Amino acid sequence: MFGLDKKDTTLLLVVTLLALLAPFILNPFPEASALAQFNAGYPDLMQRFVIYGIFAVGFNLLFGLTGYLSFGHAAFLGVGSYSAVWIFKLLGMNVLPAIAFSIVISGLFALLIGYISLRRSGIYFSILTLAFAQMSFNMAYSVLTPITNGETGLQLTLSDPRILGQQATADGSIPVTNLLPGLEMRQSVQLELGGWLFTFNTGYYLAAFFLLLAFYIAIRIFRSPFGLMLRAVKSNQQRLNYTGIHTRPYTLAAFVISGMYAGLAGGLLASMDPLAGAERMQWTASGEVVIMTILGGAGTLIGPILGAGFIKYFENIFSKINENILHDWFSFLPQGLQDFVVTIVAPFFGEGWSLSMGLMFMAIVIFLPGGLVEGGQRIGQLFRRKPAAGDAASSQTTPAE
Amino acid sequence: MSKSNLTRRGLLKTGAVAGAGLALPTIFDGATWAASHSGFTNAPQGKTVTLGFNVPQSGPYADEGADELRAYKLAVEHLNGQGDGGMLNTFSSKALDGTGILGKKVEFVTGDTQTKSDAARASAKSMIEKDGAIMITGGSSSGVAVAVQGLCQEAGVIFMAGLTHSNDTTGKDKKANGFRHFFDAYMSAAALAPVLANKYGKDRKFYMLTADYTWGWTQAASMKEFMEKEGWSMVADVKTPLASTDFSSYLAPVLSSGADVLILNHYGGNMVNSLTNAVQFGMRDKMVNGKQFEVVVPLISELMAKGAGANIKGILGSSNWNWKLQDEGTKAFVKSFGTKYGFPPSQAAQTCYVQTLLYADAAQRAGSFNPCAIVPALEGFKFDGLGNGPTLYRADDHQCFKDVLVVQGNETPENEYDLLNVAEVTPVEKVMYKPDNKFFAGGNLGQCNSGA
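Chain order of the listed sequences is Z and H.
With numbering that gives the first Met the number 0, the residue at position 159 of the first sequence is 158, and numbering never jumps.
With numbering that gives the first Met the number 0, the residue at position 166 of the second sequence is 165, and numbering never jumps.
Chain Z extracted, bound-state conformation (with noise of 0.2 Å):
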């Protein structure tokens, strides 16, 4: 389908059905259950885990492919951002030239520094691409205050022209984004099944539609002779040169191309919440996307999309877990063992997210160095009964020896 082999549309098949059932997959517990905060069915953690999907899958484009580990990606998904911020405020409320307009944003400003970024490979080059993000982030914050509002954030006021649309809603409030006039990012449609409650959310659907358009995009590159040639100067770029392949312009296009992928995903969530702020561009959220693609599965379609989604539930869920909740877990305890098994897990919980989730990421990159795609595809031979040794050989990514 869609000039894809079976294997892709399988593929393509899944992610669509999990995108679409997301609301059910991601609410598995009733409302009133003890265990319902582990419920990730709401909007703006459904569309996270869309919108950083994108992001991950573009960066895995580049990374997975080409093997140039970009250390600033994050400076082209806050350009998307501001960009997208820029057209709510001077045409109107609508999201698609918003989002239109921090793609081409996003891609000439790639363009420009990857032009200059990818003269070197290896390490200089994530020097270089870390080094244009802090300056693009140190830009955002100080020198270009006028248009990025520094430290406040960009955000939406009253007195923006929006050309297009209204200035005003009729009570002289802010207008929200839309899809169509009436079609708002907000809307949610509520589903009470039994003890369970369903959130379907207008943001979120558009933001999957986007994942599913640039998953697919993904595979066609992955497929495509461009991408075995990306593949190509990952494997042995020096060899290309010899060949008389000159290399530059196929790297440029990719990233370039992951640029976009960066900008769609910023355009998107300025989409579902109009407001742009400088730290989207700071390394720690270049570095997140790095985590994410590696976490899932560098090189592999699906990895970056369960990676994204793995570290938005930990930042999101995870820390919302205080002591009282950890309290409530070992009430079963007597009162003084219950204390000191809060105070040995606590750290691990709540602020201390980001602890449990390095040392998750150390235990995967160090047993499962294929990420969580590997993980399930030992699952997967484990339940397998004597796979033929060829077809063993085509579906594992893990090195030759």
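What the hints contain is simulated information worked out from the structure, not anything from laboratory work.
It cannot be assumed that every hint is accurate.
[To be verified] In silico lysine-lysine, DSSO-like type, Cα no more than 27 Å apart, as pairs: (1) Z/Lys88 - H/Lys171; (2) Z/Lys88 - H/Lys238; (3) Z/Lys88 - H/Lys437; (4) H/Lys290 - H/Lys72; (5) H/Lys290 - H/Lys228; (6) H/Lys103 - H/Lys46; (7) H/Lys201 - H/Lys290; (8) H/Lys228 - H/Lys437; (9) H/Lys238 - H/Lys312.
Computed from a prediction, not measured in an experiment: that's the story for all the values here.
Place chain H on chain Z using the hints.
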């Protein structure tokens, strides 16, 4: 290798299928946010009501955030009838009776704003969408307060601002669902300027370092306006990034600029660092233009004084509240806070505690948690007994008007908490302004939004 039969028709088909999938769940004409229950966002179901406490637990204002959280927990205890009741006993409105709000037990969720607008909004959103918070309160930075206030307006919940001192919070960014008890930069400048002119003389040149975001900007503009009225002249106003931890490079040019007063429009960890740097430069012992060089910090808190240590001695500034005030409300609050935590509360703690009580009282008086019932209950509300004397919640901009304290770093502290002295209490009339004052014009409250 690849099957690149990407045709126009194939693409159209993909688009149509994906479009149908996208449209299917949203085709029902839906209510917004979680308003499906009883006419407004997150209407409390069952026997409890959930409040969202969104405070910085990391970043330059983390100390303030921790103290705010302590105050919120204390307020929840008092509302639920535990502890000694604190300021509920001195509050002029007697609607609250220690059985929660409208008979529902008060519960809370907390979030970390990280002193970043983005993170604060994400955290507030998850409290509204996931935890069902009916009111969001907190924030130790005006950038965050403005961002979260806008979000609450859209979502249809009440926002009770915590520590936010920018003119914009109840000025050009004011919102119908947002309320601020804390004072603002204009009031600080109006209260401080006459005292400074009196103490340091009329003919002074001042140099300002300003935190580079909405609070710093409005604070600097207000100080400039009022100091120039007193005959002082400004040499320079230099913006510093909020994330800076070392200010030496910003301070180096000050002494050679000819200025004889340094005004630090910094707060929290920023101010602790910049003041410490200034003292290390020996600025406070210098004579410039034949006058003693002076440092002024327009907004001072106890936590900053504690961080700055001996450097704070003699420094003039303003505060919303101080634990050494001798009214009944303050005494009751300091007593119950001290009993629970072992030290006196900061002004951040006081404003957050009071905001929680004011919200609960408004809901109780209105007989409903509906934001559009609570807004009129707070608008124009006059109260007393919460530590600041008689106070008015003005209807035009949802700002509280009350006396402002001019404070000075204590030269001879008796203990580690005895850091600030109240130098003067500026009566509310002196700091009052019209809602369309040039520092506040351009905003619009809009209509209250209940999310229905």
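We went through each hint and held it up to the structure:
{"no.": "1", "hint": "Z/Lys88 - H/Lys171", "verdict": "holds, 16 Å"}
{"no.": "2", "hint": "Z/Lys88 - H/Lys238", "verdict": "holds, 26 Å"}
{"no.": "3", "hint": "Z/Lys88 - H/Lys437", "verdict": "holds, 23 Å"}
{"no.": "4", "hint": "H/Lys290 - H/Lys72", "verdict": "violated, 48 Å"}
{"no.": "5", "hint": "H/Lys290 - H/Lys228", "verdict": "holds, 20 Å"}
{"no.": "6", "hint": "H/Lys103 - H/Lys46", "verdict": "holds, 5 Å"}
{"no.": "7", "hint": "H/Lys201 - H/Lys290", "verdict": "holds, 12 Å"}
{"no.": "8", "hint": "H/Lys228 - H/Lys437", "verdict": "holds, 15 Å"}
{"no.": "9", "hint": "H/Lys238 - H/Lys312", "verdict": "holds, 25 Å"}
Checked against the numbered hints above, the structure breaks only hint 4 and satisfies the rest.
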